[in-house]
Amino acid sequence: MPGVKKYDAIVIGGGHNGLTAAAYLSRAGKKVLVLERRYILGGAAVTEEIFPGFKFSVCSYVVSLMKPNVMRELMLPKFGLELLPLESTFTPLDNDYLLRTADADQTYREIARHSLRDAEAYTRFGPLMGQIGMAVRPILETIAPNPIRPSLSDLSKTKKLLDHFKTLSSEQFEYLTKLMTMSSADFLDEWFEYEPLKASMAASGIIGTFMGPRSPGSAYVMLHHYMGDIDGAFRAWGFQRGGTGAVSMAIARSAEYFGADIMTEAPVEKVIVKNGKAVGVALENGDEYKSDIVISGLDPKLSFLKMVDESDLPSDFVTDIKNFRIRGSSGKVNLALDGLPNFTCLPGDGHHLRGAISISPSYDHLEKAYDDAKYGNFSKEPYMDIILPSVLDPDMAPPGKHVMSCFVQYAPYDIKGGWNDQKREAFGDAVINTIARFAPNIKDIILHRQVLTPADLESTFGLTEGNIFHGELSLQQLFTMRPAVKWADYTTPIKNYFQCGSGTHPGGGITGSPGEMAAKKILGIWS
Amino acid sequence: MSYENQFTAHTQLKLSPFFKRTSKLNESQEWRRWSGFLAATNYELHHENEYFAIRTKAALLDITPLKKYIIEGPDSQRFLNRLVTRNISICKVGQVMYTPWCDEEGKVIDDGTVQRLSENKFRITSAEPNLNWIQHNATGMDLTVRDDSVSTAALALQGPNSRDILNEVASDSLDSLKFFWMMDTTFGDISVSISRTGYTGDLGYEIWMDPKDAIAVWDLLLDKGKSFGITPTGLQALDIARIEAGLILLDVDYVSSRHALIESRKSSPYELGLGWAVKMKKKDFIGKAALEAEVVRGPEWDFVGIEIQWHELEKHFRKAGLAPGLPSTAWRTSTPLYKGSKQVGYATSGAWSPILKRYIALAHVKSEYADEGSELMFELKVEHYRKLTPAKVVKTPFFDPERKRSCLA
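From first to last, the protein sequence lines are chains A and B.
Just so we're aligned, residue 1 is where the first sequence starts under our numbering, counting upward by one.
Just so we're aligned, residue 1 is where the second sequence starts under our numbering, counting upward by one.
One chain only, chain A, in its complex shape (with noise of 0.2 Å):
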């Protein structure tokens, strides 16, 4: 019966960082609800089966920040966690190709091709990055201290910080300022001067921005995804058997193992709020749940100026979240296909198709793309990050059959007169004559295709103008910052709420992070 039960702790949310915080609270011996929207977990890290035969990760396609210590807290293994490597990057262009797989021999070989510097550059690059990640990294795993009024506790972390970062070399720091600071092209053009080569690695720096590879700060986008980490190899991405859905489905069999309850097709309406303080949530349906503790899996923009009301918060506060940037850019197309796309360039199946394949062939294709977006267009011509999940696990479509996800930038999301159907197709057309452009047999093929602009991400999926990391990646929007300063510890204005999403420190992608670091903190404050 609603309101008889009590529980310690509520999560409003089943994504994956939701369902983090829940499995780590139930294992502590916590009474834990979860309440998801839809009708199925995990958030934007969800596998359905949209066309009959063909499961598509709908949004989230790809994992590699994943937090080795979540994955081992949690079991996740048992519970089905399972990453398969991607191996390469395939970068097709009109009368040649781009292709770096794991073999270093290989991929030297294939940029020398090119040009030989770069080749050797290149050897430099990779393990650079990968010691400033990991210099980077303590950052990532302490929680935020409140630089404005500090605790005890924060003084000693920021310390800690503060020793870590003195035993950084002078190089290390160098680069670290420059990735801080700089734009992802200017930063990459320090090292290399083949084109498709700095395009593909500026790439990453632009993906779930509002900014374009020559926009100052996209070189830190480009470090946060050079963090990730599978199996001590940085830079290393994974591929989730059964699509990131079943990423998420591990979590929360987690959860469920350590005793969580886990409810879906339970909207919240709103966190109930008495004297300044979350006792419960009130279901959309008229039920309610009364807890000790209610955290938030939401973005900032819904935990704060949706799920309670403003007037139970500090102005200067929903002054801060209102002006946290979340400018969703990017769209998603999964397509069924009948058979394999066919690259002029490198015809026929291969090594390069059982990895990402970037539509990204030079700075300049990037760089329109975005000022489509900047004059509220989506890209005519857009940056794409493609892979096709049933080549490396054919479990994903009917034998002989394949899905490819497709991750487009930019759709922004004030386009010009709003999305429609019409736009929707129109934005779908444009992704498809770019891949045609390298694989023009894709038209020829396709049995199903799904388009998803920001407007669909942010109905569907919750996802305030469908930014995929609930709020931008940029420089004044990290650590002590993410989402308002003084609120960057997964604590709130409002007593017993907190917050546990991708819109918290550390940030998007799936990581487990913010969820676990959320949980660690609550459980620190109740004891």
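Check the hints yourself; a few may be wrong.
[Stated by the list, open to error] Restricting the straight-line Cα-Cα distance to at most 27 Å, the calculated cross-link-like pairs of lysine-lysine (DSSO-like) are:
(1) K401(A) <-> K368(A)
(2) K166(A) <-> K387(B)
(3) K315(B) <-> K159(A)
(4) K282(B) <-> K178(B)
(5) K157(A) <-> K315(B)
No lab work stands behind these hints, which were simulated from the structure alone.
Got chain A; can you put chain B on it based on the hints?
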């Protein structure tokens, strides 16, 4: 001197009947020796994809180099029951049993599978040549022993999609074939036997055939298996999988008592974690008396799985300013294990398990330190310096999916 010769190892090493295909597919051209055969180390430049084929798709391995013997005749059951430690008298026609066999001192000579092909006909597989030992012990019995190593070719098809592929190819359904049973069937007009066995601890099969059909079978499997992700797989991937499955390897995890130069290199089945395969209720078998005595005094050693603890491992590397250095392939270097300052064992093979996200190893440990949960220190080298890092004794198999044993019908 002529440089006209095409690349062939024919004059030096034996080539499997699948070599015509495997040699063309082996992009890395990395080969190992396996019983005098050339066997693919990995087909691609990295074994990663092949490893994941075993665990998530289907891996195809040429296992022809296995030693195989046919034992046939009225006394064959009685003989095998005396030769090995398992109870062969309860092995039904179509059943397969994994077993070690020992010398009179109860020390293990080799391990392999016994297949009962008919009432009076068995096939036994082994890692090393055993013909001499088998014949020697069969003296006076009404049976024949024939070396079947070259007269039968074999493939292993391992992984969750292996059954689906065989169902596409075989004229009979594999759905009701149970773990460690076998059946005869045909692929078109080719006769094969399929046993539900393998060295990966996953759903998997081994296909036994006449070498003249080898190429046809290979082509058929690759063709029909393509949409199920069939992947030619080498020994490097297999080595990780077999460690995850907790399966021992002769000359890596133990030494055959027939080749051990010193007593301390020999192991009893109990000392290899194979106590379950010793059937003391049998009237007699080679090594029984010695093993009975060992049971009474208690085996000196145990063979266990250990897990190297992540947190401390990571710390060692962090201190050196490095990301955790994990082995990308399985290692086979004997590595000391300590309790306090005393060495109480050694790990013989280990690997980072990509599917479990755990660093695991197989180890010989003095019995008193071998209980599950026992905490030991594992020797590790970080930037040229030796460190000790905690490792815990854990249950094997490390990886044991339900699909390994489950049946569809």
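Status of each hint after checking the structure:
1. Among the hinted pairs, K401(A) with K368(A) is inconsistent with the structure: their alpha-carbon atoms are about 34 Å apart, more than 27 Å.
2. Simply put, K166(A) and K387(B) have alpha-carbon atoms about 25 Å apart, close enough for the 27 Å limit, and the pair holds.
3. A distance of roughly 19 Å separates the Cα atoms of K315(B) and K159(A); the hinted pair therefore holds under the 27 Å criterion.
4. Restraint check for K282(B) and K178(B): satisfied, since their Cα atoms lie roughly 25 Å apart, inside the 27 Å limit.
5. Restraint check: the Cα-Cα separation between K157(A) and K315(B) comes to about 18 Å, which is no more than 27 Å; the hinted pair holds.
When the structure is compared with the earlier hints, a violation turns up for hint 1 alone.
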